[in-house]
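Here are the chains, one letter per residue:
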Amino acid sequence: MQSRNAGGDDVLLDVLDLETHFYGEDGVVPALGGISFQIRSGETLGVVGESGCGKSVTALSILRLLPKLSAKTVGGEIRFRGRDLLKLSEPEMRLIRGDRIAMIFQEPMTSLNPVHTVGDQIAEAVQIHTKASRSEAMARAQEMLRLVRIADPERRVNNYPYEMSGGMRQRVMIAMALACTPELLIADEPTTALDVTIQAQILRLILELKQRMGTAVMLITHDLGVVAETCQRAVVMYAGRIVEQATVRDLFARPTHPYTQGLMRSAPDPRRGRQRRLPEIPGIVPSLREPIAGCSFAPRCPYAISICHEKTPSLRDVGPDHAAACWRSEEVVGA
Amino acid sequence: MVAYIIRRFVSAITVMVMVGVFIFLLLRLSPGDPAAVIAGDSAPPELIAGIRQQLGLGDPLPIQFVLWAKSILSGNFGTSIFTGRPVLQLVLQRLEPTISLSVLTIIFSSATGIAFGTLAAWRAGALVDRALSAFAALAFSVPVFVVGYLLIYCFAISKHWLPVQGYEPVEHGLATWFAHLILPTVTLGLGYIALIARITRASMLEVLAEDYMRTAAAKGASSFSMLFHHALKNAGVPILTVIGLGFAYLISGVVITETVFNIPGVGRLTVDAINNRDYPVIQGVLILASGLYVMINLVVDLSYTLIDPRIRY
Amino acid sequence: MTLVSAPTEAVPISVLRTIKLPRLAKRHPLVFASGGFVLLLILLALAAPLYAGDPLNVDPFKRLQPPTSEFWFGCDNLGRDVFARTVFGAQISLMVGLISTATAALAGLLIGIISGYNRRLDNIIMRIMDGLMSIPTILLAIALVSLTRGGVGILIVAITIPQIPSVARLVRSVVLSVRERPYVEAALCGGARLPKVLWRHILPSTIPPLMVQSANVCASAILVEAGLSFLGAGVSPEIPSWGNMISSSRIYLATAPLTVFAPGICLALTILAVNLLGDGLRDLFDPRSKRRG
Chain E
1 MQSRNAGGDD
11 VLLDVLDLET
21 HFYGEDGVVP
31 ALGGISFQIR
41 SGETLGVVGE
51 SGCGKSVTAL
61 SILRLLPKLS
71 AKTVGGEIRF
81 RGRDLLKLSE
91 PEMRLIRGDR
101 IAMIFQEPMT
111 SLNPVHTVGD
121 QIAEAVQIHT
131 KASRSEAMAR
141 AQEMLRLVRI
151 ADPERRVNNY
161 PYEMSGGMRQ
171 RVMIAMALAC
181 TPELLIADEP
191 TTALDVTIQA
201 QILRLILELK
211 QRMGTAVMLI
221 THDLGVVAET
231 CQRAVVMYAG
241 RIVEQATVRD
251 LFARPTHPYT
261 QGLMRSAPDP
271 RRGRQRRLPE
281 IPGIVPSLRE
291 PIAGCSFAPR
301 CPYAISICHE
311 KTPSLRDVGP
321 DHAAACWRSE
331 EVVGA
Chain S
1 MVAYIIRRFV
11 SAITVMVMVG
21 VFIFLLLRLS
31 PGDPAAVIAG
41 DSAPPELIAG
51 IRQQLGLGDP
61 LPIQFVLWAK
71 SILSGNFGTS
81 IFTGRPVLQL
91 VLQRLEPTIS
101 LSVLTIIFSS
111 ATGIAFGTLA
121 AWRAGALVDR
131 ALSAFAALAF
141 SVPVFVVGYL
151 LIYCFAISKH
161 WLPVQGYEPV
171 EHGLATWFAH
181 LILPTVTLGL
191 GYIALIARIT
201 RASMLEVLAE
211 DYMRTAAAKG
221 ASSFSMLFHH
231 ALKNAGVPIL
241 TVIGLGFAYL
251 ISGVVITETV
261 FNIPGVGRLT
271 VDAINNRDYP
281 VIQGVLILAS
291 GLYVMINLVV
301 DLSYTLIDPR
311 IRY
Chain H
1 MTLVSAPTEA
11 VPISVLRTIK
21 LPRLAKRHPL
31 VFASGGFVLL
41 LILLALAAPL
51 YAGDPLNVDP
61 FKRLQPPTSE
71 FWFGCDNLGR
81 DVFARTVFGA
91 QISLMVGLIS
101 TATAALAGLL
111 IGIISGYNRR
121 LDNIIMRIMD
131 GLMSIPTILL
141 AIALVSLTRG
151 GVGILIVAIT
161 IPQIPSVARL
171 VRSVVLSVRE
181 RPYVEAALCG
191 GARLPKVLWR
201 HILPSTIPPL
211 MVQSANVCAS
221 AILVEAGLSF
231 LGAGVSPEIP
241 SWGNMISSSR
251 IYLATAPLTV
261 FAPGICLALT
271 ILAVNLLGDG
281 LRDLFDPRSK
291 RRG
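Residue numbers (our numbering), protein chains in the order written: chain E, 1 to 335; chain S, 1 to 313; chain H, 1 to 293.
Bound-form chain E, shown alone (with noise of 0.2 Å):
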């Protein structure tokens, strides 16, 4: 088993084990097939991987966010700074979310409420959480405009999101999420709508923003090259599944799932220059509703013998700070 990082107090969120099924109408997906990772304070974990393996589910599992019908986290723990989330009541949580754990959605043109001013949905982050009077609340949201950098916040206070750009009205998230200076950022592809000039932007405000605020932040993305600038750690999921974990270092040097390196060889290498051709990784991610046996990366792995069909690997550590899920690592590894 992969050895669990006795950092004691620094740790400040601590997931283990952690389950999340949904219900369609064709029977249940275990979307998170226990999934176990640590955040350490002010740290910058990135968690990673193709879309539908489960790092949305991951943020919206750990917020308490899922939709309430269709998803249910079913088990393992989400301690933050030693506190079990799933065992908390609904309004216990409440007091959590926006407070000490804030999230920044994919989609910043449909996760600002149309109806409402940016100054008031700013605001009304503070004034949850705080006994700031209106005005107060107001001061504050206008400061935190000027924070992310929007010219003139004293006018766009009174904005409407629809009257901003996509990469101004994700500044207001952010913002909006930092109101009250929260110790863990979630930001869930947080780039990925926008325009290519302005995701550079974007990326350096929330990493600028969190060393000011001593904010720790979960970054998922698809990006391995976003990973490699802004992280000390990160996560590579498969298939609702941790495939391997390390520091951002140690992981570029000795990626050590086959599925890692897959992904290293697809992305493209600014130091290179254009390149002609990205390799893929070949087939397609499984589908979750029919149960996998064995590795779930098998049948796109060009190491996979008999046992990786057979029986499922999980995380064991093959280095300092270093785990990987896979029979073969240490051929793997070398290759």
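No wet-lab data here; the hints were simulated from the structure.
Please read these numbers as outputs of a predicted model, since none were measured by experiment.
Under the rule of at most 30 Å between Cα atoms (straight-line distance), these lysine-lysine pairs were calculated in the DSBU-like manner:
| no. | chain 1 | residue 1 | chain 2 | residue 2 |
| --- | --- | --- | --- | --- |
| 1 | E | LYS210 | E | LYS131 |
| 2 | S | LYS233 | E | LYS68 |
| 3 | E | LYS131 | S | LYS233 |
Chain S regions said to be covered by chain E (calculated; three or more residues, Cβ under 8 Å):
| no. | segment |
| --- | --- |
| 4 | 207 to 215 |
| 5 | 218 to 224 |
What follows is a list of derived Cβ distance ranges for each label pair:
| no. | chain 1 | residue 1 | chain 2 | residue 2 | range |
| --- | --- | --- | --- | --- | --- |
| 6 | H | LEU269 | S | GLN89 | 40 to 46 Å |
| 7 | H | ILE251 | S | ALA111 | 30 to 36 Å |
| 8 | S | SER222 | H | LEU44 | 51 to 57 Å |
| 9 | S | PRO45 | H | SER177 | 55 to 61 Å |
| 10 | H | ASN118 | E | PRO67 | 45 to 51 Å |
| 11 | E | ARG204 | S | MET295 | 55 to 61 Å |
| 12 | E | ALA151 | S | LEU306 | 27 to 33 Å |
| 13 | E | LYS68 | H | ARG193 | 52 to 58 Å |
Cβ atoms here follow ideal geometry from the backbone N, Cα and C, with glycine treated the same way.
Given the coordinates of chain E, work out where chains S and H should sit on it, guided by the hints.
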């Protein structure tokens, strides 16, 4: 914006002209002599001849229409056969009970309907939702007079909690005024509540699935704030629309409710006019009610900008 | 007035051909039960002379008599059998409801198709429909009835006219959506004549939403007929109709409640069944509406 308001006004006026043409043709094209209908069954021939002169019945139809429309626009809705008094004056005299009943019903039905619809959407699929759906189907189907007599039987005859019927003007005291209006309001409001609740539920279901509702939850907003601060305003346009369209239902209901509860309002005036074959009164009420309906829907259309800032015409 | 919206999207007519009764009962119990109830009502109303007494027989000695084994619902203020009157009253309600529905559906279909196919006429027709819709149903019917000397024929016309706009608008929207479909364009480009295209391609698409809307219209027509009778503008007072019965018995509500509630509850149940049939048909033709509510 101004252009939109003008356009909307023009279309409201077009609709009113259509209504006018229709009401006008109703009398002219019906079998029998329009002058005789307006003069009443036992009118002397001289009177009928006078009215024929006044209506210009010898002239071609378009000229008759212009004459007729002119007199309507100048507030002359004709004279009641039965009482011999101007129709407009009769209607104005009966206005207080009708307005009391209608305004109370709109307030009561909107509040209850929106609350029920919101609750049903929030607990979609649960027992409350099913119970409210069943209630809506029932409230939609039971005629106003059946509801009225059931309520009278239960709350005024079996238990003497509320007055059986009648109306007390506001100046006789707010409490008695209100007590006399409770049963009529509930009677008239049930169908309207069902209508508003159905639309609210459907509209809220759509809004609750939006991304910004998840954002609100991630801020730590309470369920109450999520529903009423974040969702309801977004779901507002269809709800407001149905409240406006349902006003036609309300007008028909008022006539029956006033009869059931013996309230001396415009509805009773209309029913008395049926019994007395007093056509000028019926025509006057028809024009005024349709005009009110068109105006209310004009106001509803223009008020969309107040609830949704994105709507800029 | 129509308060329940029917699906405006075109649904293939083949849905109708595949319906089998046992499967209908299992998959759509609402349609099965409410449809069955409506059929039963029609049968009971038609067969009234076979099992019910004389609805017109006046017997002063039985005035306001409570229910007995002979007179199940008791007797009214003139000593007439309330059960018999209720059963015969169903004949009037259902007849007026069904005839008005059929007329309104046909007229609305015709107007809707013309409006959907001819842009110039469309503008005029729709303005007329807007005007018609702005006149409250019951008031319009009252005006029509009071202008003439009454009679069931005029009553049916008065109930039908206010129902036409909703049907016409629905049919028009279906025609407008169907005529943009590739197969209709293809048929027209291929030289098919317009009447044939209307008959073969467009008419079938209007039938499912028209059936849903007809149920709504029918419920509304029965309601308006009862309302008019109640107000004294309906069928003549001697004829036993549910609205007339309630109107003439209402002053005896305290002493003989059944004289009011027997016809009242029958009326409510009938309208409920027709409305539920409409809701059920809507779910049957447009399964997504079930989830939307």
